[in-house]
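Asks: Just so you know, the sequence shown maps onto residues 62 to 269 in our numbering.
No wet-lab data here; the hints were simulated from the structure. Be a bit skeptical, because a hint or two may be false.
[Said to hold, decoys possible] Only pairs whose alpha carbons sit at most 20 Å apart, straight line, appear in this in silico PhoX-like list of lysine-lysine:
1. K160 x K103
2. K261 x K162
3. K261 x K64
4. K201 x K64
5. K261 x K201
6. K201 x K162
[Unchecked claim] Simulated restraints, written as ranges between beta carbons of each label pair:
7. K160 x E96: 40 to 48 Å
8. F128 x V251: 28 to 36 Å
9. F128 x S95: 40 to 48 Å
Model, not experiment: these values are computed from the prediction. Built from N, CA and C at the ideal position, the CB exists for glycine as well.
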Amino acid sequence: MPKLSLFALGFLLVMLVQPLVSYLGYINQLIPFSEYLADVEKWLRIQEDQANDLTQLILSNDSRISFIFNILVVAIVPAVGEELLFRGGIQPLFARMFKNKHIGVWLSAFLFSAIHMQFFGFFPRLILGALFGYMVMYGKSLWLPIFCHFVNNFLALLMFALYQNNFLDEDPLSAATESINYVWLGVSLVGFVIAIRMMKNVEKVRES
């Protein structure tokens with residue numbers, strides 16, 4: 062089990078990465094397709110809209126029982142299941158295959174994002190997958206990415222619940238990110254790098 066300080070740093074990392082994830086999601090939406098791929102783009106956007114509609118349907122009931130059920134389905138089950146599969150199984154497999162831990166992190170993150178079958182959210186999920194992968198590398202435990210994966214999904218669930226109850230003006234599932242604050246984006250990137258280095262140093266102290 063990782064030290065409590067690693068869980069605190071993991072929580073901080075999840076918070077710091079949110080502006081970057083939002084911005085990458087916006088950039089992902091703007092990726093141009095050639096006219097020869099117009100039908101492919103149309104199909105991809107239809108799939109994206111259908112996935113968003115399904116998510117809206119799952120989360121639309123704002124009763125307390127439904128919210129608890131959504132925590133289980135949206136936050137707990139994916140956090141445990143996906144981390145066991147990708148960070149617990151696929152990542153070390155690729156790391157051994159290519160004899161490089163970083164390749165293991167990024168290849169498993171690529172598959173993690175691709176398996177969701179949502180092209181216009183590919184890059185945000187890729188970054189999150191890599192983040193969870195480095196948490197395993199530095200934290201030496203699957204509990205750390207499981208916890209952080211849960212936090213990330215729970216935050217999205219909480220934001221949608223706040224929107225449903227009129228505490229937020231924009232739907233977090235479809236809010237535009239053109240107005241992202243680049244100052245906060247820069248602060249989050251710097252803080253993110255510092256927190257990653259701190260996590261690595263905590264593990265070095267642990268091993269010494």
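Asks: What hint numbers does the structure not satisfy?
Replies: 1
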